[in-house]
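*Asks:* Between the sequences and the hints, there should be enough to build the whole structure, so can you do that?
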Amino acid sequence: MEGAKLIIEEINREAEQKIKYILEEAEHKAEEIKKEAERRAKAKADWIIRKAQTQAELEKQRIIANAKLEVRRRKLALQEELINEVIDSMKERLASIPEEEYLEVLKDLILNGIQELEEEKVLLTSNERTLSLIEKHLEEVKRIVKEKIGKDVEISLGDSVETLGGVIIQNSTKTVRIDNTFEARMERLQSELRAKIAKILFG
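Per our numbering, the very first residue in the sequence shown carries number 1; after that it's consecutive.
None of these hints come from the bench; they were simulated from the model.
Cβ atoms here follow ideal geometry from the backbone N, Cα and C, with glycine treated the same way.
Among the hints, erroneous ones may be present.
[To be verified] Cβ-Cβ distance ranges computed for the label pairs, FRET-style:
hint	residue 1	residue 2	range
1	A67	S96	37 to 45 Å
2	D88	A65	28 to 36 Å
3	R129	E70	40 to 48 Å
4	E118	E183	30 to 38 Å
5	Q190	Y102	16 to 24 Å
6	I200	V176	51 to 59 Å
7	E38	I63	31 to 39 Å
8	I48	E27	55 to 63 Å
9	A184	A67	34 to 42 Å
10	E101	E147	30 to 38 Å
11	D88	K121	33 to 41 Å
12	E99	T173	26 to 34 Å
13	V176	L94	19 to 27 Å
14	A67	I33	47 to 55 Å
[Claimed, not checked] Pairs of lysine-lysine residues, derived as DSS-like cross-links and limited to a Cα-Cα distance of at most 30 Å, are as follows:
hint	residue 1	residue 2
15	K18	K44
16	K91	K136
17	K91	K174
*Replies:* Structure representation (structure tokens):
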């Protein structure tokens, strides 16, 4: 009987050791699983945070880019508005210019065109009011031209055209023309106006 009891006790000890070993292994395995789960959870959390940060940065850049475009659009709109205001103001000024002052302007425009054409015969074209004014002072205009360029130039008046004012100077064959109408000069001036206003707005 004594021997059987010892065997049973030995079996119980071995069983207890095995159970203890299994429990320890299970706890160890559970700890590894827990750590791996925590590591994966942290990695996923870091990835989510990085992704969110990237998206936030992209959204920020998009908002900034849109804001810059809007500012530029408004500045360009303001530039165009200012140019139109200047042009409208010039048109009003030209429409009400006194005849005496207008005649002086015409003399300069005619002389400028003749000097540029370098022709001995020229044809002047403008609106009815301007042609009538030139016709009244044609001899004076011819005299000024001769004084300035040192030779006689035959000046003829052509048909009237639709224009705010100023004058078109052409050679006798109408193949070359200098457009010194107010519209043409204002159009040439617009690029200069745009450059000046853009410098004020954009630096």
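*Asks:* Which of the numbered hints are not met once you compare them with the structure shown?
*Replies:* 4, 6, 8, 10, 15
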